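Let the sequences and hints guide you as you build the complete structure.
If you read the sequences in order, they're chains A and B. Last residue of the first sequence: number 294 in this note's numbering, and the count goes up by one each step with no gaps. Last residue of the second sequence: number 264 in this note's numbering, and the count goes up by one each step with no gaps.
Wrong hints could be hidden among the right ones.
Stated by the list, open to error - Here are a few chain B residues that sit away from chain A, every Cβ distance over 10 Å (derived from the structure):
(1) T76
(2) S99
(3) V105
(4) E147
(5) R190
(6) D200
(7) A222
(8) R241
To be verified - Across the chosen pairs, the derived CB separations fall in these ranges:
(9) B:G197 <-> A:A82: 26 to 32 Å
(10) B:I109 <-> A:R163: 43 to 49 Å
(11) B:E69 <-> A:V84: 35 to 41 Å
(12) A:T17 <-> B:V237: 54 to 60 Å
(13) A:A248 <-> B:P150: 46 to 52 Å
(14) A:V40 <-> B:P209: 32 to 38 Å
(15) A:Y230 <-> B:F102: 37 to 43 Å
Hint data in this document are derived by calculation from the structure and do not stem from the laboratory. It should be emphasised that the depicted structure is a prediction, and the values quoted were computed from it without experimental measurement. Positions of the beta carbon are idealized from the N, C-alpha and C atoms, including for glycine.
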Amino acid sequence: MSGAGSDSVRPTTVGETWMRFWFTPAPLRPLAVARILTGVLGLLLAWSYADDLLAWFGPDGMIPRDVAAAWRPRWGTSLYDAAVTSASVTALFVATLLAFSCLVVGFCSRLAAVAAAVLWASLLHRGPMLAGPADDCLAVLLWCLAAGPCGGDLSLDRLLAARGGRVPPATSPWAGIPVGLLRVHASAITVAALLAQLKGDAWWNGTAAWWLASRAEAIDLRGAYQGSEYLMNLVTHAIVAFEILFAAGIWFMPTRRTVARIALVAWPVIGLLAGEPLWGLAMAIFTVPLADLT
Amino acid sequence: MPRRQLANENGIGCGAACQRERLPTRETVRAAVGFPRHWRLTRLPITLRRMSRDTRADEGLKRTDEPREAVRAGATVALVAYLIGLVLAIATNSLSGPSALFGTVKSRIFSPLLAPAWLDLGYDHRFSYGLDEDADHEIELVPHESEGEPLHLPGPIAGERAARWRRLARTIAVGGLDGDGSTVAAGVGRGGFAGLGTADVDLRVFRLPQPDRTAAADADAAVQVYAARVRRVADDVQLIREAPRGEVAPLVRPQPRAAAEDAP
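Structure, rendered in structure tokens:
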């Protein structure tokens, strides 16, 4: 795979490395796969709001606008602040679902990515206390996709262009930016999560797996952990070890592809163990363009 | 001299390949520019052009697809700025607060750009330290001083929808950096008026048991960690919080006079 990591020619300066990392033409297929998966993830996460949307954000909802405004960051803002009726709240939410659907099928992909990113950020700012790790990752994924030609392959956009007699190229010099951003964020999020985890004793004394299994959404392996303390310790330390391996391994050519392919399985498994399955899926999406699956 | 010609002067990929593409060779460029033969231009930012042309030849890209230098420069500035913002967002995400330097730089320059996009994040996905606040929380709403059916949130639902209710409950119980969750509790209580058919409700937040591995069989019942009465008075919503037991001043019983006098 080229782009954000083509190794056909070894760069000799920082400037060359930078230009090569971000601006080398890259194939569009991996970005398209990431786009489709991000759209599916967006639909799943947005759907978790659907049943309670008006109970939370309606005119007499549980999270009034002034309360949300007090809890969000200083510069945070939301389109939902202008939605004072149930119909307008619902309309904005439907628009969010439509944007994610457009991402899945690849219709007006770039515009859909921008719209989805704006609408998703608005939804999160409307109820910041409801947002979780997967929501954070989805916001990042959307902005990464918006930064490049995410609809150049596996998309209606490509189909329509081909029918119009304009067969889009299979690579783009602008595909390197979103792929590079995905790699940077995959590493940065992993490092930040790792640092946060290692501030707690549970991640050092090997009991974190037990506490994770106690969470309602996690796979309950407490029976197995009660049978073997070593197993509990092993799972805890394996999560930390994988995060270290991943954060560093995706930056070295000899290990990048292998680590990314392992991560495609490992992140969802960690998500299930941690009770955050959609976060695991989001982290796996970050690694799709690095795994050279196509 | 156009930059493309200078790029070929770098000497990489020139020769037969350049002649095939009718691009200037090293010698023609030197002659046109007047560079001495011993000059080397390897530090010019031309690697991208070189690699782009190679890739273009491989992939069939057109020359017009290559981003212009000015566009790449603009993108580079944006990327550098964003990456600095990303690092600062992570570096300033500390429970004890950011350093004055990082906090000031981030809040004045980067937060106005990152926060609206939900990118001003610390990504501190620690999941659990095994602390009480890491346990699952649930909300119970019940009509005040009546036998009405309580409303449990999230109740029997599961998945991400239930996780959002638990985050809401945890916010009420634990609060945020700037205070407790009473403002959120007032909103949740008010939102429960319609569902319970009353404008006077008791709101409670329970922390679900999180037994230690060695005492898993002796799991305690859920612990009430927040309680308040939420009612509508005129057009206002009023929250009367039930003080946590630990915050109530201890009741000191006066000792009998005789006993007090006998005491040493």
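Here is how each hint holds up against the structure:
At the 10 Å boundary, the C-beta of T76 (chain B) falls inside the reach of chain A, the nearest C-beta of that chain being 7 Å off. Against the 10 Å criterion, S99 (chain B) stays outside the reach of chain A, whose nearest CB is about 16 Å from its own CB. Even its closest Cβ contact with chain A, about 14 Å, leaves V105 (chain B) beyond 10 Å, as expected for a residue assigned away from the interface. Listed as outside the interface, E147 (chain B) is consistent with that label: its C-beta sits roughly 24 Å from the nearest C-beta of chain A, beyond the 10 Å cut-off.
The claim that R190 (chain B) lies off the interface is violated: its Cβ sits roughly 7 Å from the closest Cβ of chain A, which falls inside the 10 Å cut-off. Consistency note on D200 (chain B): stated as away from chain A, and its beta-carbon is indeed over 10 Å from all of that chain's, at 15 Å minimum. No Cβ of chain A comes within 10 Å of the Cβ of A222 (chain B); the nearest lies about 12 Å off, and the non-interface call holds. Its beta-carbon lying about 16 Å from the closest one in chain A, R241 (chain B) satisfies the requirement of being farther than 10 Å from that chain.
Separation of G197 (chain B) from A82 (chain A) is about 31 Å and conforms to the stated range, judged on CB atoms against 26 to 32 Å. Between I109 (chain B) and R163 (chain A) the C-beta distance comes to about 46 Å, which sits within the given range of 43 to 49 Å. Between E69 (chain B) and V84 (chain A), the C-beta spacing of about 48 Å breaks the proposed range 35 to 41 Å. Against the hinted window of 54 to 60 Å, the Cβ-Cβ separation of T17 (chain A) and V237 (chain B) comes to about 58 Å, which satisfies the hint.
With their beta carbons about 50 Å apart, A248 (chain A) and P150 (chain B) fall inside the hinted range of 46 to 52 Å. The hinted range of 32 to 38 Å is satisfied by V40 (chain A) and P209 (chain B), whose Cβ atoms lie roughly 35 Å apart. Between Y230 (chain A) and F102 (chain B) the beta carbon distance is about 41 Å. The supplied range of 37 to 43 Å therefore holds.
Violation of the numbered hints given earlier is confined to hints 1, 5 and 11; the remaining hints are satisfied by the structure.
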